[in-house]
Structure formats: structure tokens, C-alpha cells
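Given the sequences, and given the hints that come with them, work out the whole structure.
Chains as they are written, first to last, in our numbering: chain P, 1 to 475; chain V, 10001 to 11028.
Footprint (simulated), chain P over chain V, 3 or more residues, beta carbon under 8 Å:
id	segment
1	10658-10671
2	10751-10757
Simulated pairs of lysine to any residue, SDA-like, Cα-Cα distance not exceeding 20 Å:
id	chain 1	residue 1	chain 2	residue 2
3	V	K10554	V	K10567
4	V	K10911	P	V141
5	V	K10916	P	L64
6	V	K10824	P	I69
7	V	K10911	P	I69
8	V	K10911	P	L62
9	V	K10824	P	P410
Please keep in mind that the hints were generated in silico from the structure rather than gathered at the bench. Heads up, the beta-carbon is just placed ideally off N, CA and C, and yes, glycines get one too.
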Amino acid sequence: MQQEIVRTEPAGRLIEGGHTYESITHKIGSVVLSYKHPRAWYIVTAIAAVGVFTLITSIAWLLLRGVGIWGINQPVGWGFAIINFVWWIGIGHAGTLISAILLLLRQQWRTSINRFAEAMTIFAVMCAGMFPLLHVGRPWVAYWLLPIPNWTSAWPQFRSPLIWDVFAVTTYFTVSLLFWFTGLIPDFATLRDRAKKRIAQVIFGVLAMGWRNSAKHWHRYDAAYLLLAGLSTPLVVSVHSIVSLDFAVSLIPGWHTTIFPPYFVAGAIYSGFAMVLTLVIPIRAWYKMQDFLTMKHLDWMAKIMLATGLIVFYGYIMEMFTAFYSANQYEQYLAANRFFGPYAPYFWALLICNGLIPQVLWSPKVRQNVALLFIIALIVNVGMWLERFVIVVTSLHRDFLPSSWGMYYPTVWDWGLYLGTIGFFTFMMFLFVRFVPMISIFEMRDLLHQTDRHHPAAATTTAAATPVAHTEVTP
Amino acid sequence: MDNKQHQPLNLEEIRKRLAQARGQQYWRSLEEIAESEEFQQILEKEFPRQSSPLGAFLHRRQFLKLMGASLALAGLTSCRPLSMRKIVPQVQQPEEMIPGKPLYFASAFSIGGYARGVLVESHEGRPTKIEGNAKHPASPGPGGVVNPQAPAQLNPDGTPKHIGATDAFTQASILTLYDPDRSQSPMYQGQLSAWTDFNAALAAEMAKQAAVRGAGLRILTENVTSPTLAALIQELLKKYPQAKWHQYEPTHNDNALEGAKIAFGTPVNTIYRFDRADVILSLDGDFLYSGPASVRYAHDYATRRQVRYGTTQMNRLYVVESTPTVTGSAADHRLPLRPSQIGAFALALAKAVGLPVSAPQLPAEQQRWVDAVARDLQAHRSRCVVVVGESQPPEIHALVHAINHALGNAGQTVVYTQPVEANPVNHIESLRDLVQDMAAGKVETLIILGGNPAYNAPADMEFARLLKELTQRNGFTVHLSQYEDETSALCLWHIPESHYLETWGDSRAFDGTVSIVQPLIEPLYPSRSAIELVDNLLGRQRNSYDIVQAYWSKQLGTANFQKAWRKALHDGVIAGTALPPRPVKMRLDAVASAAQKVSAPAEGLEIVLAPDPTVWDGRFANNGWLQELPKPLSHLTWDNAAFVSPATAQKMGLQMDTGGLANIVDVVELRYRGEKLRAPVWIMPGQPDDCVTLFLGYGRTRAGKVGTGIGYNAYKVRFSDALWTASGATLVKTGERYPLASTQQHHSMHGRDLVHVGTLDEFRKDPKHLVKAAAHEEPLPTMYPEHTWEGNAWAMVIDTSLCIGCNACVTACQAENNIPIVGKEQVARGREMHWIRIDRYYEGGLDNPSTHLLPVPCMQCENAPCEPVCPVGATNHSEEGLNQMVYNRCVGTRYCSNNCPYKVRRFNFLKYNDPKEPVLQLLNNPDVTVRGRGVMEKCTYCVQRINAARIEAKKLGREIQDGEVITACQAACPTHAIIFGNMNDRQSLVAQLRQQPHRYSLLEELNTRPRTTYLAKVRNPNPELEGA
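Below is the structure:
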């Protein structure tokens, strides 16, 4: 059995199609520099633009009327805004994990997906960041959460997890952005050099920040990149841990749980990889990037999903066990309410989406079936959203005093803002694909260089065709 | 396109309307006038949209008219001299007036003619809050009714010490004063008119009537207890001997008076002395909530129900009722019976206590009840009381009088006096006379003083049709009322009536005590009181002050009148005007023969018609506070529903979906005597089977912006011979569904120790037993050093044995703390704003569950879970133990509310406090911040009152004394179940109550250490009935 799995692993190449350094540069760089894009790009971007307008409308109406346009109430004081915040932050996790941790662990296969995943991180955190800002009753004073010196000497209240959130999320966003940009500099230089139009030359020239491919540049670049990777690594763990503390610090049954930090981190990676797959699979097909985003990549991402999914599922089981073992009537009621209460369908759907269906990934055949992988990734995305819905809503809607129990139903404006951010995210991702190399060109070349050393036969003819990466090129 | 309808633009009308506006209202009114719907209608009528002046041919004259109108409108915004008189700046401050410090004035608020004494808080001449006047018999304070002769004692901050309890209606009556929908101008045939025109028309009409000695003159009033008004009407009747005075009050106590006539041969007023009663049996009588003495009765009842360490005695309450009521929920034993079964029950009881009546055979369970109750009553002869509700027929009232006599209660727990009413007539018969005269064409001039008979007269009298016909055939019909309502619309003239806080008057309490109704403010709009209008009928133009003073100077004697008058105003009562007990002679034979007329229990469906617990007979329909006040037990807001029992609902397949936001309920059609009424059902645990209760007061068509068009109108099936109960109706499920907004969706405690309940016996054996499940001897462990609370440590104790769920605290809190109303849709979403709520839990079967009530304000936890989670420190702790909200600092994350295990925090999801009407801003308490959108708010223990007391105590160089700070909820509570004070003061009442063995904290296991704690609920069940 085990042998069979080993045998059916995809072939061990991370770059297929017999690429040379030149062909890699051309293949990736031309997506940005050419004006020919698949029709799908136009269709998806147009749909996403509608989403952006939905977002703008939803925000405008929200600011005019107040959060009462949403379905939140007493006792469910947090609704879609917080669910979506946690969901987006989770999606943002794959980027840093792929860029930083896998870099430190010298996982070469990360190379072809890290750029993409980092971009996803940045846009997902942008979406996430919108929600806490907008969900407060008075968004115009939301800056009070920042420790800004002011004449009233009124500081934030540092015991509140919401303050920790502010620090965690802003740090995460800043570091992710820097990391992404740093990694882009050599590629911007490549594009600057290859661009034919003046405007592109100027813009990429500015973005390249004077990169001249000197050995000194490369030396400093490597040091900076490694440092940022080291800096990002704890953030992968900290951000979602702290987000989970928003819940774990409270005393509400269903929130007051010590397992939340690791369980949230695992869930975040789970949903992050699901989102990478969701995006990579179609774009890989539309831009014909199968040579760089090989079946091997998909296979490994699927395996990570399977692993983190199991951790998440373990979390669900432990929550139930704790409720049973605590002999705490409120916890026990909560568990029963999740299984059989008014929101039970969502809970069962969550178990099926996150726990049951991903188990098919044990089968290598499924992992190599691109269409199936895409569907499973979508299902996991939905499942992780349901998980946050169940945590936020079912815990709040029936807590201690039955007299205050209530129900939560989202309104059209809840959906508007949520779908709006999905539109915004997609819009930004497709702009990214259009204007920035979606796969790191120089790292792919580097990868080719390194893999060629192990497979010299494949690259001997091409090695001399382009300058080796680490030599200086004068513009 | 039809241009021949054009009439000249009635600029006069606009001018008249403008003439009504005065004072600060002036500029704002102009905008309102220019934009108001009525004005739009006038414009539309004059310049129909279809005939656009540009598109269609425009006559030169029409063009000029249009220009003229434009100019007139332009002129509206320009100047009219506000006052031509000299004004004098306030160089010297008037005595007693200190800006920022409220003054209190005694007055009286009446429902159905009966006064409740009030002390009105006035800020710079602007009444903002109503408290009870403990010197008044209907609004006792914690120590009972204060002797009016005793000199007034004030706290250092100026609040009187004799603040008494109130009911929710009294608390909410201040909102009516500032209601922007109040009528502001006389209306003639539905058009704005001027006072001068009305005066002239009235004078002409009265001259016409004088010629025929008033043969066509009829006065229709509500129930009148006012001596001044009665004297004026008598004077009028003397001047116009052929004229007639009719009274109609939709919820009047006709049955009680008729019953007294049977029993004693004369109508008497019955006063119960629950403070002397050990055993109480109520037959369909909601004495703790309804009626003119409810606050007093609740107080008296509670005095014998305070269970403290060492208590061995408490009263016992049996309730037999046809609709779950406040009184029923407080009962130790409750038996739901259909109204007609209650008659049989009363007969059986009468027989059991030895009266010569024959009783029908009762079902075993009822018979067991009768036997047990009869034994208990007889064991407490002259210390028990049997109460009967107005909905029972006169025969049962007579029978109950006889039972009380047989038990030796007369003169002890039941006291009789002369009727309080100035002219005690049977209101239905009185209205019937009028209606017959109207039908016969004998009525030419009909003056309706208050009331709304076109809406609430019995359906068979067809009052509305007759009134309309009378007006149509040039009858002179006048309606004086605060709102231009259903009756006003059918009258020739509508005259705005002054609110009781705007005019002078007088009124009697349930025991006859007279109060002078003292105004707090000049009328907001030119208006008249009933007294002034009757004075006008007499051809005089005196103001209310002169009229009332003239009457009382005659009564009190001219010597020392000024002193007596001042004293009466100051105290709020005229001492010695309570009616003395009068001896009565029981006519047993008459009672026995009347008893034979008691009909056997009816078969089939029965209807109960009850005044709504919050909008009453409809008079409070436009009062938003009362509309949004959760009705006792059902916690329904903004609607009336038809109560059916769970078994009846099951039988008929009626559903009530409580799973969502609103309760989506089935709509039924009730068919009775050819009338059809559609009503949403409410499945009410404890409702007797085959009995549907309809609530009066809804289905208003001209109540105002708040009250129009909500609920169903139960008056449509109210007939003069079946005012309260009826049988022979059919109920049909329509298949329609309707959303109802209730503030509590879950009714069981789910096995949680929220209300601790035990019996008196258990308490006697082991007082701690009741709360054993929750109480910990030692404080729960904590990782942090214990904080010692020094100085004042504010705390509250709520006695759950005493809470009857009357909602007075909820409304009092709303009035004191500027709490907005949010409307039905927002309530259904779960966004009501009340800072204190009364949780209601059921225990036991669906058919007759026990009800447990738990008032929940903020717990002011010492370890408050809300505080550490606020990211901006907007909620924090004071040194005195208050969990404070800094509204200005609140960002609105709602994390505090999520983390509050008691869910007492309230959030401004939308801009709820947004008075479009400037007049409503006058209502706000200036000592309490008005919260804006996006801000969390919650109970503060009335911190503004604490601070007022603190300032004065500091000035005196001493600590705040116990009793100097009374929270709004505490002040209003009729049973004094809420006690507030400084728990560090060993002598304070709250500190003593915190030592009680049956005290417990809600959700103690969470270690929040609430400052608000509870005393367990102690019941006093009859062992004979318990456990069966």
C-alpha cells in the first residue's frame, strides 16, 4: 500500500517542459509585458469590479446609517464582520508560511508559489483589516485603538485582546508587504530591462530601486530576505493566536477555550492553502504555467491541507471532549446546541466540509485530479468560513441567561460587505497577475540552476544561453 | 385636469395655524408647517399635481394666486413680532430657583378619573420625571403612606424624602406631555380654525340652547371624580335644566357598583386592606396591576410578604383567573378557569363558607381547591380577603361581598365607603341613554369632554355612526381631547385639551382623597381643560387656576384659605378628604336570589376582553414608552395578540414560531354576533382552555404617528351586554401569519440556578437551604490580591419574593435615563434599549406553570468581565464599585456586551436618540447624557443621583446617609423589592439585606462578584394543594 503511494508520486521535477533561463524569464515576464490576456482574465476582473462597487456601496451605507443595518443584535454583538475578519486573516496565513517557514526549511518547491501566496496574503489582510475598522459603532474614532500620544493622555486599554489584534495585524501586514516587495526587486529589474515602453521602463525602474544585479546587491538581498523570513516566522504563529484570544479571553461558553490558539493557527494554514489552490488552479491553466506549477506542487499543497485539516478536526473533537469532561452545564449545553440547536445545519455542514470531505486527499489519485482538488479547496474555504460562523454566532446566541437568548440573521448589507471583499480580493489578485510577475523569475532561474546540478543532462544545452543569475548585467 | 374644483387659496388658514405657534416653537413650527403633510395636502388640493402650471394653460388669476401663495410662504419665514411687551432680565434670581437643580412639585395623575399622587421633577421650569407622592394614599413609599400633616423633609440635594411608588402609566404620562402628535389647534370640520371662531360659535350655540332650556344639550364626560368639574357641570345643568350629563369610561367598574347595590342596596366603594390580610383569594381580579389602587394594594400586599431571617409568617395568595395576569403570576396557588367557571367556583366557595346558596357540581380538582381554600379562609377569619375582578358579573360581586361578610372581613380587611365618583352612574346605561337620544334626534349640542367614545363605545351602540350623523345634520358636536382622534374626526369641532401637567384641576383617589392637580408648565400649545370648557359653556372665560381656587375657597372657607391652599398644593393632597368608612347592611336574601341567576358554566369557546397591560383602553396608544414596554408575562411589544392556551392551540393547529427574530404566529378570525375580527394568536401558558383573551386599546385609526394602525381593535366585538366576557364565539384559523415582537423568547431556566425558589417551611427549617446550590461560604479563589472597597460601596438587593413584574421600574428607568425607544422592527431584532428588564421563567407544565420573575439591571460586578475587554477603556470601575460607561470614549466594538454574562448592556445600533421633533428634547433629563449612534450604554445605578447627593454631603462635610440616594427603579417599585445603598454602611438597609441567609448572586460560579444580588423567592403554599 505504502509502496504504491510512493510509486504514484508525480515525477520529481519542480520545473517541467525543458525550460532554459531565458525561457523562464520570457514565460513569466511576458505575462506582464504583453497585452494579450486570456479572455477569462477580462471576465473575472469585470465580475470582481462589480464586487468592488458592492463593497463601496456597502461601506457608504454603513457609514451613513450605522452598524444597525447589519443583523447583529443583543446577544449576538458580533456577526459577519468578525467572522469575515477571522476568515480573511486565516487565508492570509499561507503566504507567510510558504515564504518564510518553507524558506527556512529549504523547501524548494515553495519557489513557484511564494510570490503568489504572498500577494494573496497582502490582499487578504487588507480585506480582513477593513472589518474591525468598519464594525465598530463609531468608525471615525477607531484610531483610538492606536497608542497615539494625545493631549487627553487617554491610552488604549492594553488588557484587551482587541488591542493585541491591532498590533498583531498591523505588524503582520507591514512585514508581509516588505517581504513581498523585497522579493520582487530583482524581478522588477528584469522587467525594467525587458520593457519596451517608456512608461513601463520608468515604473519598473522606480520599483527596482536601482537594482543592478551586482554581487553586493545579491549579498545584501540574501541577508535581508533571510532576516525578513526569520521575522515573519513567529508572526505566522502569533497573528492567528492573538486573533483567537479575542474569543479565548472572554468567558462565553464556546469562546473560553485554551485550545483556541494552536487550533486557530492550524485552521488558518488550512484555509490559506485552500485559497492558494483555489486561485492557482485556474490561473495556472489560463496562463499555461503548468511547467512551473506542476502536479508535484499541487500534490504537496494537498498534503499540507490534509495534515492541517486533521489538526483542525482534532480541535473540534477536543472541544466536544472538554465540554463533556468539564461537567460544566453551560459548556455542555453549548455542545448540544451546536449539534442540535437552530444552527445545527451549519455545524454539520462544517464537519462535512472540513472534516469529512478532505479525507479523500489521502488518495494520490484525487491529489492528481486538478478539477477535484479545485472543488475540495473550495469546499474547505466554505468550511472554514462556517467554522468561524459557528464559533462566533452559536456561542453568543445562547450563553448564560435563557432570557437573553436570541437569533442572528445576516442582512443584505452583511452579505454586501462580505461579497464586496471577495470581489475586492479577486480584483486585486487579477491586477497582481496582470502587472507583477506572478512567479518569482529569478528564483525559478536559481531553482533551475540548482536542480540542474542534480540533473545535469537536462540543462547542459541551455546553461550557456543566458547569463547566470549571479553575474552583473549593466543596463 | 379638472380645473373647476379650484378654490381660492385659504391663506387665512395658514395665518391661523401660524397664530397657534408660540415661543421657542415658533421658528421650527414654520418649517413644519411648510413641510407638513397637511400643508402638502392643502397645496395639492389647491394646485393639483396633474394640472402642472407649466404644462397646462394657466389663467392669469391662477398665476397671480400662485404668486401670492409664494409670497405669503416667503413671508412666513420673515418676522412677526414675538412679543410686543417689555421683558425684564432676571437680574435677581427667583427664590428657590437654582439653575441645574431640580425642584419638585406635587400634582396628581388620573386614569379613569382616579388620582395617583405624583411629585414632578422640574428642571428650570421643564418637567422631566415623575415620582410618586408618598403623602398620597395611592402611591405609598417604602414606609407606607406618609402623614400629609408631617412637615416635608428634603434630602440635602432637594429631593423630597417622601417619594412614593408609581405604576408604569404614571411614569410614562410625562411622554404624553411632550408628544409632538398632540393636537395643537382647534379644528373645524377637519380644518384648522381659530380659538376666537370657536368661542363665537360656542356662545351662539349656547344661546340657542338657552332658549330651549338646554333640551338638545348633552355633556359626555369620562368618569368624573373632580369636585370642581362636577360642581361646574351641576351648575350647567341648573342653568340648562333640560340638558343631560352622561359619563362613559370603557373600563369603568359598573359591575362592582351593581354588585354592591345587590348586596347592600346602595352603591358603595370597596377598599381592600391587604396589609391586614393573611390569606387572599382573587377571583379574576388583577388587583396588583389594574385599577386605581393597584400601587397601594401591591405595597400593602408586599408588607406581609417580606421574608427575612426569622420570618415565620407571610401572607398566602390564591388566584383563580381566566387570563394570566401580574397578580396570577405572584400567586402561591393559581387556578386557570374560564370566566363562566369562576362563577360556579364562587358559588361553591360561598356554600363552603356557609352561605345559603346552592352550588353546582364542580369537577374534582376545582372542588379540592374550593375545600382547601375555604378551610384556609375560615382558619383566618377577619384576616383574610376575597377579591373579585370587574370582569365578573354583578351577582358574583354581591356573592363575594357576602363571603367577606361571612368570614368577618367587613370592616377589617374590606372597608366600604361612599362611591368616589362625583355622580356614580352605570356608565353603560348612561351612554345608552345618550345613544338613544341621539338616535331619536333629541340631541342638538353634544359636548364630549375627553374620552374617545367613537373608538371605544360598545359595538352595538354604534356611537360612531350616530355621532357622524349628528354632525352631518348640523348638530353642534365638540370634542375636547389631547389628540385629534377617532371621535374628533366625527365632530364639528375638535378642541385641544391641556395635559394634566399644564393645567389646574382636582381629582379624587380610590379612597376619596382629593388632590389639587398642579401644572408644572404653561400649555405647550393653546389648549383648554375640561373645567375651562365647561366654564365656557357657562358663558365665562376664567382660567383653570381661578376656577379651581374659587371652588376650593368655598369648600375650605375663606379664613386661612391661602394657607390651606398652599398646604394642599405643597402636600399634593387635601388632608381629611378621604371618605370615611360607612356602615353597610348585608342583604343576604338579595344575594342568595341573585346567586340563582349565576349562569352555569358555558360550553364552547369563551372570550375575555381585557384592557391592554400597557396601552390600557387605548388612551396610551401613542405613548412610545408604553408601546415598547414588554407586556407582563408575554413580553410582547408594539402589538396586542389573542391569548389562547397551549391545548387549544394544539387542538386548532395554531402555531407560534419563536425560533427566529420576530415570533411568526398564526392569525385567527374571531366571529361573534356577526362581527369578524382578525387577530394574531399568542400561545400563553396558564391560559384556560377554550378561552381566548382579547386586549383592548389597539387597532387605533387616528392615534398619532406612534399608535395608528397597529394591532387589532377588540372593541369591534365588545357589546354592551358582554363588556368583559362572552361566550358563543367561534375561532377560525385563517392561514395568514403575522410577526410579533417579544423581548424574551426562551421561557425555561434550562435547569440553571437563576431564580432560587423555596417554601416558607423550607426557609424556616434552614434559611440557607434555598440558595445552597449557588451560595459559597468563602469567596471563590482569585489569582489577584483582594481589593478592599473603602468609602461608599454601592450595592443593590432585589427581593424576588416581592417582584410582581409590573414594569414600573422599567419605565421609571427609561424616563430617568433618557432611554430611547427603537420601534417594533428593532425590538424583533433584539435591540430594545431598556437598562433594566424583568426576566420571566416558567416552571412546571404548560397548562398552569409557576412563574418566576427576575428583574435584571446591571450587576455592577466587582470583577466585571466587560472591563478588561474594552480596547479603549471606555468602561471601567469607580472606587465606589460602579461599573461605569464613558460614552464619549466608547468606540463601539460591542466586546463588552458579548462578554457580559448577564447581557445587560445595550447598544445604539442606529441613531435611536434622534428626536426629529424639538419638543421631545424638552423631556430629556439634563443630568444624563443623551447617547448617540454607535455607543454602548447600560445601567449606572443612577449615578447622577449619587453625584447630586455626594455634592451636598460634601458641602455638609459628612458622608451620604442611607436613603439619600434612591435609584429610579427603586423609587418606582410598588412592592419595594429593589433596595439600593452603601453596603459599607453597616446600618444601611442594603447592608442588612446582604446579610440575609437567602441572598444569592446570579451566576455566582463565574466569580464576577456582582454588587446587585438577590433574595431567593419564598412561596407560602398551602400544603393541601401543594404536590398534587
